[in-house]
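Sequences listed follow chains A and B, in order.
Counting from 1, position 122 in the first sequence corresponds to residue 122 in the working numbering; the numbering is continuous, with no gaps.
The number in the working numbering is simply the position in the second sequence, starting from 1, with 356 added.
To be clear, the hints were calculated from the coordinates, so they are not data collected in a lab.
Check before you lean on any hint, since a few could be wrong.
[Said to hold, decoys possible] Using 30 Å as the maximum straight-line C-alpha spacing, the simulated DSBU-like pairs for lysine-lysine come out as follows:
1) 308(A) <-> 322(A)
2) 321(A) <-> 355(A)
3) 331(A) <-> 321(A)
4) 290(A) <-> 321(A)
5) 355(A) <-> 489(B)
6) 322(A) <-> 489(B)
7) 308(A) <-> 578(B)
8) 489(B) <-> 321(A)
[As the list claims (entries may be wrong)] Not the full set, but computed from the structure, chain B residues with beta-carbon under 10 Å of chain A:
9) 457
10) 458
11) 474
12) 477
13) 478
14) 481
15) 490
16) 492
17) 512
18) 596
19) 599
20) 600
Cβ coordinates follow ideal geometry from the N, Cα and C atoms, glycine included.
Single-letter residue listing:
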Amino acid sequence: MAIPSRPLSALRIAAGAVALLFAFSLVAVDYAEARKRGGGGGGGGGRSAQRYSGGGGGSGARTANRSAPRAPSASRNRGGDFGGGIGTKQRQPQQGDRAAGRQQQAGERQASRADASAGRQENRTQRTDDRSQNRGDRQGERTERTESRQENRTERSDTRQQERTERTESRQETRQQIADDIADGDYWDNHYDYHDDDFWDDDDAAWAFFGGLALGAFIVSLPPRYETVVVQGTPYYYADGTYYVQSGSQYVVTAPPVGATVEHAPTQVTNVYVDGEEYGYSNGAYYDVKPPADENSDPTFEVVAPPKGASVPRLPEGAEKKQVGDVDFYKVGDTWYQPFYSGSSVVYVVVDEPKA
Amino acid sequence: MAFAALRRAIISSALVAGLPSVALAADPETLTVDVLMRRMAETLVGLQAFSVHVEKTFDDVLVTGPRLQYSGAMDIELRRPDRFNVSYGDDLSAKEVWYDGERLVVVDLRAGVYGELPAEPTIDATIDAVAEKYDVRLPLGELFSSDLYSTFSEGVDDRMYVGLHDVNGVAAHHVWFDTATTQYQFWIDSGEVPLPLKVVITYVDEPGEPQTTYVFSDWDLKADLPDDLFEPEIPGGAARASFLPRSGD
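Just chain A, same shape as in the assembly (with noise of 0.2 Å):
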């Protein structure tokens, strides 16, 4: 792994230094007070983590902070150390020393003069020489920065020509990457999870982007680009994961209709593994993913019953709660859910009809 470059500089070390004896020498447990040494922080300001709480869910949901609101204070410590109006005391000299004083200063200005006059040809001289010195400097430093950034200006170019080239074979590969994806059940994977050392942020942070019409809207005309898909009878308009049947003149969001395949997979989609079988869900519809016909064809996407056990981050909309004995389900058509915490996050499995 490479250790990063460490530009420590002996002033910042010195400063760090001196700051640590100060640290060792902790007694105070009242962090407010020691910190209030450092200037104000004052004024209220509650701030409120579920802010962020967004939509839906929780009605009981509350603000965080239920003590006495406290101040935000982000310069709390800079009042004191630079407040205390350094200025104010040296702009009030007494009257009588100014006038005498003045007299003394203008028989000195006048002696001074002469000494500065020369004093100044003297530096102007001086500062000439430094200015060539400094210009020949400055010169050679330019050169040297300018070397430096054709040399860089060549290293990006040559990289990023080589990314270039490296994208441009990726995607080559892309159609038999895809073919491997299907036979590996690895096709669906739209973001990488990462382990937060918390594991406190869900785990499905693509539904982020989702956000899609809601069961029962009406559209007036259909998005740009749609595909027309025929089951049992009844045509049915996909866009990017929605479904939309003809109503009159206009066009009503539906649920996805079993059975449908389209050519086009939602932009948004979490992967789900049932007994070793990948599907892939999105907005309520679990889709199989079918090989393509030939190697000059794409794949296709199917529209299939919820798979018993498939676990998923959010339920398809239009879910309902139901009680069974002493359980909570939600019911979604004829198909149940059990949520479940799965960690610290809530996920909702596909199970058989509870028995009352």
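Keeping the supplied structure of chain A fixed, place chain B upon it in accordance with the hints.
Coordinates of chain B only, in the frame set by chain A:
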């Protein structure tokens, strides 16, 4: 090299003056970071009750290339040995968790789903137990457990004292260290109470090297935290869910 020698001399002399018990055989850079982390850990572990606000950002790297950043925040109230409450919300989720010495309750406020687990009698034991049995990781749980120091000192490959840097107007010791998979940066208050003010975690072995950043503010070490703060408030109509056992068990 004279510069490096000066640097070492300054750090070493500061350490000798400030903490004579520390063995000076180690590399000064290691020593500095280690001492700072230890002091921070001791401070956190020694807090009997506190509340703090944390702003969080975290990345999500799509396979297609985009590296997206989301934001969130949480409020933590903790009273040793057996109470805590965390209220958490981000762009993707909103949750709250309570622990009252007998049970741990988690509510997903967006989903309207809650779950309850029997808990151990202490915060430490509960954090360990729910992670072990159910893979439930509590937000910033590592920072508030008693073995904080060992959590962040074991497996460290390299360390660096970066400098005294500002976090929301407070001068902080900025340190960096890494393990085989992760790089950590801590900003530790350089004042009298060495609390963490900011943490950046970089997952260097993940595609796109996603980062998570926590910025701490409003530390209140004299927080009045009565028992009722730790009593779960389950939203009306929320569904009850069981916890799945940790996979592989």
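Results of checking the hints against the structure:
A hinted pair counts as satisfied when its Cα atoms are at most 30 Å apart, and residue 308(A) with residue 322(A) qualifies at roughly 18 Å. Restraint check for residue 321(A) and residue 355(A): satisfied, since their Cα atoms lie roughly 15 Å apart, inside the 30 Å limit. Note on residue 331(A) and residue 321(A): the hinted pairing holds, with a Cα-Cα distance of about 6 Å set against a maximum of 30 Å. Proximity of residue 290(A) to residue 321(A) is assessed by CA-CA distance (about 34 Å); at most 30 Å being required, the pair is judged violated.
A threshold of 30 Å between alpha carbons decides the hint, and for residue 355(A) with residue 489(B) the separation of about 29 Å falls inside it, so the pair holds. Note on residue 322(A) and residue 489(B): the hinted pairing holds, with a Cα-Cα distance of about 28 Å set against a maximum of 30 Å. For the hint pairing residue 308(A) with residue 578(B), the CA-to-CA distance comes to about 52 Å; that exceeds 30 Å, so the pair is violated. Using a Cα cut-off of 30 Å, the hinted pair residue 489(B) and residue 321(A) holds, with the two alpha carbons roughly 28 Å apart.
Hint on residue 457(B) is violated. Least Cβ distance to chain A is approximately 19 Å, over the 10 Å limit. With its C-beta approaching chain A no nearer than about 18 Å, residue 458(B) sits outside the 10 Å limit, and its interface hint is violated. With a least beta-carbon distance of about 14 Å to chain A, the hint placing residue 474(B) at the interface is violated under the 10 Å criterion. A least Cβ separation of about 21 Å between residue 477(B) and chain A goes past the 10 Å threshold, and the interface hint is therefore violated.
Interface restraint check for residue 478(B): the shortest CB-CB distance to chain A comes to about 19 Å, outside 10 Å, so the restraint is violated. Hint status for residue 481(B): violated, given a least beta-carbon distance of 18 Å to chain A, over 10 Å. For residue 490(B), the suggested interface contact is upheld, since its CB lies about 7 Å from the closest CB of chain A, less than 10 Å. At its closest, the beta carbon of residue 492(B) sits 5 Å from a beta carbon of chain A; the interface hint therefore holds under the 10 Å criterion.
A least Cβ separation of about 12 Å between residue 512(B) and chain A goes past the 10 Å threshold, and the interface hint is therefore violated. The criterion of a C-beta within 10 Å of any C-beta in chain A is met by residue 596(B), whose closest approach is roughly 5 Å, and the hint holds. Among the interface hints, the one on residue 599(B) holds; its C-beta lies about 4 Å from the nearest C-beta in chain A, closer than the 10 Å criterion. For residue 600(B), the interface hint holds, since its Cβ comes within 10 Å of a Cβ in chain A; the closest pair sits about 5 Å apart.
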